[in-house]
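Asker: These are the residues of each chain, in order.
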Amino acid sequence: MLGVAQKVATAEVVVVDDDLDMLESMRDLLTRRAVCVVAASYDALLDLGEQALSCRAAIVDINLGPGRPSGIDVYRWLRERNFRGRVAFLTGHAQHHPLVEEARRLHNVLIIEKPATAEALLRFVEVA
Amino acid sequence: MKPHGAARVAWQGAMASALLSLLGTPIDLLMGRSIPGMPMWPDVLSMCVAGVLLAWLLVRQGRPSERSASAVFLLNNAAVVLSLWVTSGYYAAAHVPWVPFQANKLGVLAVAMLTPANVPVGITTIALYTGGALLRYWTFDHGIRGRLPASEPWAMTVFAVFAAFLFVYRLRRKALEQALLHAQAETDALELTTLRFMAIQDLANTPLQTLEANAAILADVPGTEPYVARMRRALARLHEWHRILRDEIDGAPPSPPLASFDAKTVLRDSQRPPPRFR
Numbered sequence: 001m002l003g004v005a006q007k008v009a010t011a012e013v014v015v016v017d018d019d020l021d022m023l024e025s026m027r028d029l030l031t032r033r034a035v036c037v038v039a040a041s042y043d044a045l046l047d048l049g050e051q052a053l054s055c056r057a058a059i060v061d062i063n064l065g066p067g068r069p070s071g072i073d074v075y076r077w078l079r080e081r082n083f084r085g086r087v088a089f090l091t092g093h094a095q096h097h098p099l100v101e102e103a104r105r106l107h108n109v110l111i112i113e114k115p116a117t118a119e120a121l122l123r124f125v126e127v128a
Numbered sequence: 129m130k131p132h133g134a135a136r137v138a139w140q141g142a143m144a145s146a147l148l149s150l151l152g153t154p155i156d157l158l159m160g161r162s163i164p165g166m167p168m169w170p171d172v173l174s175m176c177v178a179g180v181l182l183a184w185l186l187v188r189q190g191r192p193s194e195r196s197a198s199a200v201f202l203l204n205n206a207a208v209v210l211s212l213w214v215t216s217g218y219y220a221a222a223h224v225p226w227v228p229f230q231a232n233k234l235g236v237l238a239v240a241m242l243t244p245a246n247v248p249v250g251i252t253t254i255a256l257y258t259g260g261a262l263l264r265y266w267t268f269d270h271g272i273r274g275r276l277p278a279s280e281p282w283a284m285t286v287f288a289v290f291a292a293f294l295f296v297y298r299l300r301r302k303a304l305e306q307a308l309l310h311a312q313a314e315t316d317a318l319e320l321t322t323l324r325f326m327a328i329q330d331l332a333n334t335p336l337q338t339l340e341a342n343a344a345i346l347a348d349v350p351g352t353e354p355y356v357a358r359m360r361r362a363l364a365r366l367h368e369w370h371r372i373l374r375d376e377i378d379g380a381p382p383s384p385p386l387a388s389f390d391a392k393t394v395l396r397d398s399q400r401p402p403p404r405f406r
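As they're listed, the protein sequences go chains A and B.
Just so you know, this note's numbering puts 76 at position 76 of the first sequence, and the rest follows in order with no gaps.
Just so you know, this note's numbering puts 377 at position 249 of the second sequence, and the rest follows in order with no gaps.
There could be a bad hint or two in this list.
Only part of the chain A face toward chain B is listed, based on derived beta-carbon distances under 10 Å [claimed, not checked]:
id, residue
1, E12
2, M22
3, L30
4, A34
5, K114
6, A118
7, E126
Rough simulated footprint, nothing fancy, chain A against chain B, three-plus residues with beta-carbon under 8 Å [as the list claims (entries may be wrong)]:
id, segment
8, 194-202
9, 320-333
Please keep in mind that the hints were generated in silico from the structure rather than gathered at the bench.
Just so you know, even glycine gets a beta-carbon here, dropped at the ideal spot from N, CA and C.
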């Protein structure tokens, strides 16, 4: 199930998270403001391909499971393919976690701590 | 250091002291054979005391105690001092070259190195060797004292002062090492706690985020208002709990910098010390 990716015609926001309940909840929530595609892993994101790259915003869980490519890898994949949208990292880790510190050094990213309010997530999608 | 560890160190010191007496006294015995009228009993007595004490220490080494080790240490050295008191009189009276109180000087230095971490025992034993030598010096008649090196009894006194200094220095260093060990243990425990907090927080965050999103989705469904309100109140309490946990983690010393972090593994393995990547 981790490879799940859901394609829609003209996506605006891509969400990457390894928790399926979380992923579906985010899709249902964000769909109110934008057309949303989801991927449950780095590989699933690759399957989305151009559909993900054409989005104007990405919400990416910074940790996509132990031993798997992280949200940082997702960010690099997107940027290397000229993804021009804003990227928000969702993280439940402490501020001094290496992944969070690495994410903070990346260009044009927003770090949102889990659990974020629904309003904060919707606002990000609106302004992105 | 744990009490048991301290007792074991004291025990080893007492054993080393008894062993040195047992091995060193025969040398004195051999040297004394060239001295007219030198009795054997002081050295034999000292060896017997050391032998008995060493045997007792060996038999009871499974149940070491600082108090017993200190008593053995004191008793062994008292026997040595008594032996030296008697034999030094013969050496001094004999018309042979003799450097006075060499054994007493060696004794105070050995005490500084081997005494259990017990100030009264250490100082008393150094005082026994020093007092024994100084008193003995003043019991010699003028003729004998005149033949002895002019450096005595001051040389003995200097050795005693140095030995006392070394003894106190050793104790202070040991106390410092123990304090460092204690501080390290506290840091390790704190790091482990922080790591566990991080793991709990990590596991709780995604379900909380899911609940948060679903409460917002449900809010748009007519008739669900009371349920959504309850969910929001519960979520608010969970948010508060989450903030407390985050403050605990951020306020703690830097936690072990982990290359990867699997919360379930951390909690499962948390009985072991935290992994270090330093």
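Asker: Each hint needs a verdict: does it hold in this structure or not?
Answerer: Results of checking the hints against the structure:
Annotation: interface hint on A/E12 violated; nearest CB of chain B at approximately 18 Å, more than 10 Å. A distance limit of 10 Å between C-beta atoms decides the matter here; for A/M22 the minimum to chain B is near 5 Å, and the interface restraint holds. Using the Cβ-Cβ criterion of 10 Å, the hint placing A/L30 at the interface with chain B is satisfied: the shortest such distance is roughly 9 Å. Violation of the interface hint for A/A34 is found here, the shortest Cβ-Cβ separation to chain B being roughly 15 Å, above the 10 Å cut-off.
A hinted interface residue such as A/K114 counts as satisfied when its beta carbon comes closer than 10 Å to some beta carbon of chain B; here the least separation is about 4 Å, so the hint holds. About 3 Å separates the beta-carbon of A/A118 from the nearest beta-carbon of chain B, less than 10 Å, and the hint is met. Violation of the interface hint for A/E126 is found here, the shortest Cβ-Cβ separation to chain B being roughly 14 Å, above the 10 Å cut-off. Restraint check on the segment 194-202 of chain B versus chain A: 0 residues with Cβ-Cβ distances below 8 Å, three needed, restraint violated.
With a threshold of 8 Å between beta carbons, the proposed coverage of the segment 320-333 of chain B by chain A holds, since 5 of its residues qualify and at least three are required.
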